[in-house]
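There are 2 protein chains.
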Amino acid sequence: MERLTLDVNGAFDPAAGGLARADLEAIAPRAREAFEAFETRRRAGEVGFADLPSDAAAAEAARALAGELASRFENLLVLGIGGSSLGGRAVVGALCDPFHNLLPAAARGGMRVFFPDNSDPATFAALLAALDLERTCFATVTKSGGTAETMSQHMVLRQRMVARFGEEGYRARCVLVTDPQKGVLRQIAVDEKLRALPLPASIGGRFSVLSAVGLLPAAAAGADVTALLAGAARTEARCRGGEVLENPALLYAAVLHLMDVRRGRRLHVLMPYADALRDLGDWFVQLWAESLGKNPGAGPTPIRAVGATDQHSSLQLMMEGPHDKLVTLVRVAAPRADVPIPLPEGYRGHADLAYLGGHTMGELIEAERRATAAALRRNGRPTVSLELPRLDAGALGELLMLLELAAAYAGGLYGVNAFDQPGVEAGKKYAQGLLGRPGYEKYRDELLGAPAPDPALVL
Amino acid sequence: MERLTLDVNGAFDPAAGGLARADLEAIAPRAREAFEAFETRRRAGEVGFADLPSDAAAAEAARALAGELASRFENLLVLGIGGSSLGGRAVVGALCDPFHNLLPAAARGGMRVFFPDNSDPATFAALLAALDLERTCFATVTKSGGTAETMSQHMVLRQRMVARFGEEGYRARCVLVTDPQKGVLRQIAVDEKLRALPLPASIGGRFSVLSAVGLLPAAAAGADVTALLAGAARTEARCRGGEVLENPALLYAAVLHLMDVRRGRRLHVLMPYADALRDLGDWFVQLWAESLGKNPGAGPTPIRAVGATDQHSSLQLMMEGPHDKLVTLVRVAAPRADVPIPLPEGYRGHADLAYLGGHTMGELIEAERRATAAALRRNGRPTVSLELPRLDAGALGELLMLLELAAAYAGGLYGVNAFDQPGVEAGKKYAQGLLGRPGYEKYRDELLGAPAPDPALVL
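Same order as they appear, the protein sequences are chains A and B. Mind the numbering: the first sequence is residues 1 to 459 in this note's numbering, read in order. Mind the numbering: the second sequence is residues 1001 to 1459 in this note's numbering, read in order.
Excised from the complex, chain A in its bound form:
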């Protein structure tokens, strides 16, 4: 069976500032340690994401609930932010029609799914105005149950649903994804008798795409979550050893890490040549930034790009700017659809157009990918290649698990805990202080006590 391929040759080209095989050999023991450290935490039950593909019961529960919602409603709002939104969005974006939410129900094969992942009132008000609330349900997704953005939306929507459809109507339209044991939202599930899927403590938000967090919206939109999990299981099975040249996620992590610390390539660009993987880029940014950005001495910056689009944007900088980037190009070998490029009679005299005639758009984007990879390399810029045989649920599952495992291993290589995010707590406390939360006065006072701005620096 064809499968995901990782090719790191472009990162070992001496002419492109590449690594030497000796670099890889030198890091092999640390890579093995990183692998073992992860496996230890996994066996201890502290880190659960790699075992999600084999949790058939959890998948079945998400699928069943999605099916039930889809049988009664047209629209699903996923109330979640960060890891509670990005995974589901990436899967729906990759596997559904690019214009899914515009299509009539019959052409869509699933619910319309919206991800209002911000506390921006303009977006939320517009969304509620655009939808028929009677045909709309919502999933509130927060592990702690205390996420301000998500719970604000929940309380707004709860009030509207109760006002229009009564308590029963609200209960029919609201499902939760939250910690199975503790937290505010778990208590609300009990108090309000709401259906709730579990997000276990061992699954961090950015590693939750294969839990109910990602599976519920994906299944609701009509994606094949069984195949998604099977694909993830295939990658997981390929990553059971600590040898860097045998475990693809470990090789990917080692190459990106080495490129950073040995060659100053601290910006890690993920550039799929497929619009459908655009939202995957946002998911990867969270995965890489939150997992690895823990101290001033380390922490690569993930950057999302899309080919061929960004050849007309950030490629100039990647090609001729500072030697601080490593670009991973992602190929989809067989596009889902192809479109022949006709050459009209009157256009034949234009050399700038004639060569396109007789090709397909799929051939064009593939030529652009190959050309860009080659041009980067010849300009001294290292690359890595990932190739999916096609863009289906199985291949996407393979890719998601590869990147998740790579983030976990990279945490070990960078010497940081890939599974916490301590840096965002201070801002939350200031915000709660500003909003008058009892006990948080000191944060408000600290913030309001900042020195007055210099008016000369305000224009």
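Honestly, the hints are just simulated from the structure, not real lab data. Don't take every hint at face value.
Here are some, though not all, of the chain B residues that point toward chain A, as calculated from beta-carbon distances under 10 Å [what the hints assert, rightly or not]: (1) L1006; (2) G1010; (3) A1107; (4) T1123; (5) G1183; (6) K1294; (7) P1335; (8) A1351; (9) G1439; (10) V1458.
Backbone N, C-alpha and C fix where the C-beta goes; we use that ideal spot for every residue, glycine too.
Please arrange chain B on chain A, whose structure you already have, making use of the hints.
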């Protein structure tokens, strides 16, 4: 009248690794030179973007054509890539309803507008399948007329339109935006008697948002392009002097440049706290990357983020990772709509939720912005603040012109030509070679002659 405000105090905080006023004084002469160099090129007619707001005739032509299309059709496809797409997309995204394309015509107040800005056949095929072609027109946007991605789409759509609606039907449905004097597409306009708006040679793609490139889709979608240009004119009028503490675009450019070269803050993050400015981030990335990324010794990396969403993603890295980032937070003082947050009776006992009740979502996102700015600063991370009084066409115009002028001045400060993009030519030649363009065989041969990959590095 309230206007756009730039506040750079957060970049001059000694505790946050900030600049000293002496840094600003030291660079003042070079800033003046950068300003003068730009004005010289502007007066010579080489660089035209800053004069677009006063070109009433061009604006009127774009508005008239948009009105004519809107009177006959429901959908507008903008065929363009990079600078031919990002500006229009940013304006439509900022000024139209967030769910514009989903709304019925009456609620929309303009055409549905789509930006298929890639050579991905799956997207293009899906888009053509999703739309009623009879109610659809398209604008082909490429200055040179030789952009492979755009012209491929043009030829595909031309064939379908001619087949279904005849030559006349195609002519009614196709308009062009291209160089007024030369190029393939200008010739096609003449040969096929198509309506064409001019994109003068002095307007580069990434500086074209206030030309027909941005105005046509914006006007078609129902945005107020007159107010947009008036806003841009206001900023332009504030930027007519070379004193760094008087010209806001020059101050912004100087601060970002100094932060890079004096403090190692080479990653420039633009983080608006408004979903509507999400696409502006992609436009900014192209503007900054293509204008400044010209040699290995210089070239900051622009990064887009959205608040509060990315507080749950890249903020961890910005807060605790390497000291290599400068974050510009953008505030919209008065949100377009606000939504009160109710506190249900049964939720009052939850301290994690109770403090939210009685506030609005607008207050929440503003508290988050203030809190994040303060937390970054207290963690030694410099910031810059931009504030729009509200998110309307005028304020957006002010912001676009500020960033364009800043890119132009920054080119002078970095010592690069902000108006070319030589680095992307090699890749185009390889692609044309692969597609068999006569005369490009050597590029194909060079690419195919690359050494065989080491199979040990492929997993």
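Q | Proposed interface contact between G1010/B and chain A, which counts if any beta carbon pair is under 10 Å | A | Holds: closest Cβ of chain A sits about 9 Å from G1010/B, inside 10 Å.
Q | When the least beta-carbon distance from V1458/B to chain A is tested against 10 Å, hint result | A | Constraint on V1458/B satisfied, holds at 5 Å.
Q: With chain A as the partner, please determine if G1183/B meets the hint condition of a C-beta pair closer than 10 Å.
A: 9 Å, holds
Q) Is the shortest C-beta separation between T1123/B and chain A less than 10 Å? A) 4 Å, holds
Q: Using 10 Å as the Cβ threshold, decide whether A1351/B counts as touching chain A.
A: 7 Å, holds
(Q) Let's test the interface hint: is any C-beta of chain A closer than 10 Å to that of K1294/B? (A) 6 Å, holds
(Q) Given a cut of 10 Å on the nearest C-beta pair, is the interface hint for P1335/B held or broken against chain A? (A) Nearest chain A Cβ about 5 Å off; hint holds.
(Q) So, as I understand it, the hint says A1107/B touches chain A; can you test that by seeing if any CB pair is closer than 10 Å? (A) At 8 Å from the nearest chain A Cβ, A1107/B passes the 10 Å test, so the hint holds.
Q) Does L1006/B pass the interface check with chain A, least Cβ-Cβ distance below 10 Å? A) L1006/B check passes; min Cβ-Cβ to chain A is 5 Å, inside 10 Å.
Q.
Min Cβ distance, G1439/B to chain A: is it shorter than 10 Å?
A. 8 Å, holds
In summary, the structure agrees with every hint in the numbered list given earlier.
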